[in-house]
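Number of protein chains: 2
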Amino acid sequence: MLKGNLVFGQSGGPTAVINSSAAGLLNAALASPVIDNVYAAEHGIVGILNDRLFDIGQEDPEELRLLTQTPSSIFGSCRHKLADFNEDDSEYLRILEIFKKHNIRYFFYNGGNDTMDTCHKISQFMQRKGYECRVVGIPKTIDNDLCGTDHCPGFGSAAKYVASSFMEVKLDSQVYNYPQIIIVEVMGRHAGWLAASSVLASYKGAGPDLIYLPERTFSMEQFERDVRAVHEKKGDVMICVSEGCQDKNGRFIPEMSENSELKTDAFGHKQLGGAADTLASFVKEKFSIKVRAIEFSLLQRCAAHIASPVDVNEAYAAGETALKFSLDGYSDFMVGFKRVSNEPYKIEIIRVPLGVCANLEKTLPEEWINKAGNFVLDPFIDYTLPLIQGQTIRSEEDGLPHFADLKKILVV
Amino acid sequence: MLKGNLVFGQSGGPTAVINSSAAGLLNAALASPVIDNVYAAEHGIVGILNDRLFDIGQEDPEELRLLTQTPSSIFGSCRHKLADFNEDDSEYLRILEIFKKHNIRYFFYNGGNDTMDTCHKISQFMQRKGYECRVVGIPKTIDNDLCGTDHCPGFGSAAKYVASSFMEVKLDSQVYNYPQIIIVEVMGRHAGWLAASSVLASYKGAGPDLIYLPERTFSMEQFERDVRAVHEKKGDVMICVSEGCQDKNGRFIPEMSENSELKTDAFGHKQLGGAADTLASFVKEKFSIKVRAIEFSLLQRCAAHIASPVDVNEAYAAGETALKFSLDGYSDFMVGFKRVSNEPYKIEIIRVPLGVCANLEKTLPEEWINKAGNFVLDPFIDYTLPLIQGQTIRSEEDGLPHFADLKKILVV
Chain X
1 MLKGNLVFGQ
11 SGGPTAVINS
21 SAAGLLNAAL
31 ASPVIDNVYA
41 AEHGIVGILN
51 DRLFDIGQED
61 PEELRLLTQT
71 PSSIFGSCRH
81 KLADFNEDDS
91 EYLRILEIFK
101 KHNIRYFFYN
111 GGNDTMDTCH
121 KISQFMQRKG
131 YECRVVGIPK
141 TIDNDLCGTD
151 HCPGFGSAAK
161 YVASSFMEVK
171 LDSQVYNYPQ
181 IIIVEVMGRH
191 AGWLAASSVL
201 ASYKGAGPDL
211 IYLPERTFSM
221 EQFERDVRAV
231 HEKKGDVMIC
241 VSEGCQDKNG
251 RFIPEMSENS
261 ELKTDAFGHK
271 QLGGAADTLA
281 SFVKEKFSIK
291 VRAIEFSLLQ
301 RCAAHIASPV
311 DVNEAYAAGE
321 TALKFSLDGY
331 SDFMVGFKRV
341 SNEPYKIEII
351 RVPLGVCANL
361 EKTLPEEWIN
371 KAGNFVLDPF
381 IDYTLPLIQG
391 QTIRSEEDGL
401 PHFADLKKIL
411 VV
Chain E
1 MLKGNLVFGQ
11 SGGPTAVINS
21 SAAGLLNAAL
31 ASPVIDNVYA
41 AEHGIVGILN
51 DRLFDIGQED
61 PEELRLLTQT
71 PSSIFGSCRH
81 KLADFNEDDS
91 EYLRILEIFK
101 KHNIRYFFYN
111 GGNDTMDTCH
121 KISQFMQRKG
131 YECRVVGIPK
141 TIDNDLCGTD
151 HCPGFGSAAK
161 YVASSFMEVK
171 LDSQVYNYPQ
181 IIIVEVMGRH
191 AGWLAASSVL
201 ASYKGAGPDL
211 IYLPERTFSM
221 EQFERDVRAV
231 HEKKGDVMIC
241 VSEGCQDKNG
251 RFIPEMSENS
261 ELKTDAFGHK
271 QLGGAADTLA
281 SFVKEKFSIK
291 VRAIEFSLLQ
301 RCAAHIASPV
311 DVNEAYAAGE
321 TALKFSLDGY
331 SDFMVGFKRV
341 SNEPYKIEII
351 RVPLGVCANL
361 EKTLPEEWIN
371 KAGNFVLDPF
381 IDYTLPLIQG
391 QTIRSEEDGL
401 PHFADLKKIL
411 VV
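Sequence lines, in order, name chains X and E. Residues in the first sequence are numbered from 1 upward in steps of one, following this note's numbering. Residues in the second sequence are numbered from 1 upward in steps of one, following this note's numbering.
Any given hint could be a false lead.
The list makes no distinction among identical chains, and a pair is therefore deemed to hold if it is satisfied within one copy or across any two copies.
Claimed, not checked - Result set (DSS-like, lysine-lysine): computed pairs, CA atoms no more than 30 Å apart in a straight line:
no. : residue 1 : residue 2
1   : K286      : K324
2   : K233      : K407
3   : K101      : K362
4   : K362      : K346
5   : K129      : K101
6   : K81       : K408
7   : K204      : K408
8   : K81       : K290
9   : K408      : K233
10  : K407      : K338
11  : K346      : K234
12  : K371      : K204
The hints are simulated quantities; they were obtained by calculation from the structure and are not laboratory data. What you are looking at is a predicted structure, and each value in this text was computed from that prediction instead of being measured.
Given these sequences and hints, build the entire structure.
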């Protein structure tokens with residue numbers, strides 16, 4: 001038994017369920033006789049460096065319960081990357097100092113690839129210094145691009161939002177008696193999992209005709225041919241484009257204009273708009289029909305009101321099980337999901353060595369993308385459908401989301 | 001008793017609940033012994049002119065029930081405006097011909113201001129020609145700008161979407177340890193009701209600091225002063241801007257650039273982006289902090305997954321009661337809502353003469369906007385909260401929306 005205190009931190013871009021993992025971990029830790037005090041760092045590792053820790057033991061249990069329906073990162077996030085400690089160990093020494101000051105023996109860090117890298121480095125450094133501390137990564141990312149796990153908490157909810165919103169927009173776009181081209185941009189700078197989720201809408205008969213993923217090289221000429229072929233056949237065209245699509249020269253779509261001196265907006269700045277806006281301009285030039293660009297923007301990662309209950313529960317279990325494993329003596333791992341069966345859907349929570357998942361990116365399998373590189377195949381549907389099942393019944397207040405309201409009392 | 005057939009049409013921009021009004025009307029009409037056949041026109045009045053009517057009697061009742069959770073306009077919409085029949089009665093004569101051909105004695109048209117104008121003209125023309133036909137308008141608009149009714153079906157659901165999404169985006173925008181400016185654009189070309197709904201998020205502690213409505217003249221200089229004041233006080237700034245805001249010269253925000261020759265995008269076209277993008281560019285130039293523009297776009301009017309049950313039920317009742325009134329012998333009216341009491345919330349369904357509501361626009365009362373013209377006051381909150389209560393429990397299929405699938409069999 002390693003007695004002592006625990007600190008939890010959140011890192012990277014928020015999701016609809018990262019706070020559910022927090023709730024799973026923190027509730028289990030509060031109930032554990034082995035853990036003396038339960039803390040959460042403000043803005044992840046930055047909060048540890050700044051000695052800004054919140055005392056979770058002073059929070060109202062009901063508010064902690066509400067974390068399961070509160071999107072975003074309640075304790076604040078960061079994008080701080082630690083140096084290699086062989087080159088510069090100053091921040092590691094500061095972390096060690098804070099860990100010693102607060103007798104931190106359990107460190108949990110919730111995030112994506114970069115976060116697992118940070119975890120791994122801290123774990124190695126603590127071992128080198130002979131400071132006993134169990135270091136555990138908890139995955140989260142709407143991008144679903146972490147290695148060593150079947151899928152990531154956050155992805156199912158974002159996929160449910162994307163697929164449902166595509167279906168609704170599709171119906172909306174079909175009401176008039178003239179054809180329209182709708183281009184929707186979905187997040188995912190390096191992997192196409194979330195953009196691919198739009199195929200679930202197509203599977204239900206109300207989704208995109210064309211889906212472009214960062215896994216394949218984007219060509220404006222091929223895009224034009226694809227759109228023309230669908231338009232000639234069906235009139236309406238609905239397109240999903242990942243923000244991460246790049247051409248053979250590695251340029252993102254907004255950088256593909258031939259006329260780059262015009263790439264400024266009304267105030268002389270480089271355009272804020274992304275891939276969908278650029279493609280819409282291109283299509284407008286080539287086709288004389290109505291074109292609309294839509295960006296799901298932050299909504300796709302923070303829409304807790306349509307979170308997948310499967311995802312919320314798995315995120316909670318990931319946090320809870322992360323503690324259990326660490327109390328069992330394990331360290332230097334990330335919790336991950338292993339899919340034991342698909343029908344009925346069943347997972348096991350496993351330990352993945354941090355070295356396996358740090359800094360690596362898992363992209364969509366080649367064979368799940370069609371040959372033309374403009375659509376997604378059935379195996380992806382089989383993979384994703386179990387992750388979006390059910391409806392979240394939230395407790396509302398005044399007909400609006402009821403979010404957790406934490407006191408966030410600093411540890412002195 | 002006026003025996004005969006009934007035709008229903010949908011017009012204008014879709015909403016999350018216009019099909020719920022269709023369900024209310026069509027189910028009641030199918031059950032009525034006075035109505036022989038129940039039809040729906042494809043693309044509203046255009047479908048009548050083209051003799052494209054669907055036979056609702058051949059639809060599966062379960063699919064008609066699903067209309068209450070199916071957004072957009074299931075029968076297709078149009079933006080066709082009829083001429084003044086004193087100048088050109090050719091289309092009216094065609095409508096009369098179709099009405100006679102199918103023995104249409106009940107005509108229901110579901111839409112906004114323009115739709116009520118069309119209704120009124122058809123009603124007058126039929127009277128002039130001595131053709132007995134009861135003509136009824138059913139209101140719908142997310143803009144909530146119809147006169148003669150306390151509020152419009154469609155508004156409550158859009159307001160719930162806007163307020164909830166603001167709350168979620170607010171949480172998302174606060175996670176990092178640096179300030180951000182978020183500018184969100186909301187629909188409403190002439191009236192600010194929907195943009196004003198963002199104040200419900202502020203009421204719950206997670207909404208915009210500044211709200212700009214078309215009811216007040218927009219000034220870029222004042223906007224800059226407002227943003228600076230909030231930024232200096234709080235760091236983060238969240239802004240809601242209505243797409244309908246205009247300056248003293250009647251220019252919309254995207255037209256307010258000093259540098260209009262740059263108002264082209266990467267492909268040399270006039271920018272697609274709207275008010276939020278333009279303001280974001282402006283703010284980026286003036287403040288050296290992170291700025292993000294978000295447009296809710298079509299999502300705000302078609303997001304049936306977060307429809308307000310109050311709105312869904314009122315839309316249904318509007319359709320159902322429209323039939324009842326017409327069977328009672330009334331014609332040339334729009335159904336409207338009269339708020340009898342606010343606590344508890346209670347409405348009555350009333351008849352509004354079509355002449356009262358055709359082509360008029362109801363804007364937000366002056367006294368519901370603050371003096372500075374950049375925020376919304378409590379009476380608006382009292383007015384809107386009852387309209388967004390509750391959570392819609394939809395029947396899902398595969399974890400995704402289950403929309404009505406109609407056969408749409410043409411009447412020959």
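Going through the hints against the structure:
1. K286 <-> K324: For K286 and K324, neither the intra-copy (58 Å) nor the inter-copy (51 Å) Cα distance is at most 30 Å.
2. K233 <-> K407: between (58 Å within a copy, 22 Å between copies)
3. K101 <-> K362: Cα proximity of K101 and K362: none, with 38 Å in one copy and 63 Å across.
4. K362 <-> K346: within (21 Å within a copy, 54 Å between copies)
5. K129 <-> K101: Classified as within; 15 Å inside a copy, 91 Å across copies.
6. K81 <-> K408: Classified as within; 25 Å inside a copy, 58 Å across copies.
7. K204 <-> K408: Answer is between; shortest inter-copy Cα gap is 19 Å, intra-copy 44 Å.
8. K81 <-> K290: between (45 Å within a copy, 20 Å between copies)
9. K408 <-> K233: between (58 Å within a copy, 21 Å between copies)
10. K407 <-> K338: neither (36 Å within a copy, 43 Å between copies)
11. K346 <-> K234: neither (40 Å within a copy, 46 Å between copies)
12. K371 <-> K204: within (22 Å within a copy, 49 Å between copies)
Going through the hint list in order, the structure does not satisfy hints 1, 3, 10, 11.
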